[in-house]
Amino acid sequence: MTAAPMTLRSLGLALLITFIWGVNFVVIRWSVDDAPPLLVAALRFLVAALPAVFFVPRPAVPARILWGYGLAVGVVQFGLLYLAISLGMSAGMGSLLMQTQAFFTALMAARVLGEKIAPWQAAGMTLAFLGMAVIGAVAGGDVPPFPLLLTLTAALGWSASNLLVRASGQANVFSLVIWSSLIPPIPLALLAGLTSGWDTLAQALANGGAMFWGAILFMGLGNTVLGFGIWAALIQRHGASRVAPLSLLVPVFGMLASALVLQEAFPPGKVAGALLVLVGLLLHVFGARFFTRAPLTGPQG
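Quick note on this note's numbering: the sequence shown kicks off at 1 and runs consecutively.
Honestly, the hints are just simulated from the structure, not real lab data.
None of these values were measured; they are calculated from a predicted model.
One should not assume that every hint holds.
[Said to hold, decoys possible] The calculated label-pair distances, taken between Cβ atoms and stated as ranges, are:
# : residue 1 : residue 2 : range
1 : R58       : P268      : 49 to 57 Å
2 : V271      : Q170      : 40 to 48 Å
3 : P245      : A122      : 13 to 21 Å
Just so it is clear, CB atoms sit at the ideal spot from N, CA and C, and this is done for glycine as well.
Kindly produce the complete structure, drawing on both the sequences and the hints.
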């Protein structure tokens, strides 16, 4: 089926979803202030899975793909991201650094699938990792080393899920997201209980106020079910090459929301590092348009 051109309505929907995904980092910050981060992640996926699994058909993928995707996204990607933010990673920088998944995906695809890394992709990676080095050097305690490592490992989990999506063939990605959300709650809750204590988990559940449960619903329903549902529909209608690059707006919205809502400071050195990462991402995603006549392709998040 030929991809339809982007309409203003579709563009508006895509911008709305990238805005929701960007603001989600601020919501994560709020939620992990009130409860153990791994419990919050478990609740987010529980809300995403139920009751949606009763209305969405099971994806036509092997069990290993379903379980692998659920563990990669739920436990590694979001479990570690929530933990990193609770330990000091700022919402704005977290939204930016998670986009390094694009580079990790290219590197993993080269290793596992034998795909070649184009020169512009290598240049983009170099710029982005140089930007992260600048951020690490000038930000000091604002970007603590351990949360930074957790965030990059979370991005690696996202990359692994990208390869699993490729391995799923023509399976419905939205269906895969919903059904795989059944998998993370149990291991995340067990890890939360073992690391934070079962009494702490019980108190967090009993004392969670309207803002806490509102954050859980936003992350589970708005960010996951609504977000991925609309995003998958847009990709099916207009093609990945038109829709997926718009996800680069997620860290833009994330950093703006973090600055406005959480008063996150962005000194010159931090801004310079962030710009290097963004330029690297742009080169990685759009380089094919400038250096070859090949259609734009690339890993999807």
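Do the hints match the structure? See the list:
{"no.": "1", "hint": "R58 with P268: 49 to 57 Å", "result": "51 Å, holds"}
{"no.": "2", "hint": "V271 with Q170: 40 to 48 Å", "result": "42 Å, holds"}
{"no.": "3", "hint": "P245 with A122: 13 to 21 Å", "result": "19 Å, holds"}
Checked against the numbered hints above, the structure breaks none of them.
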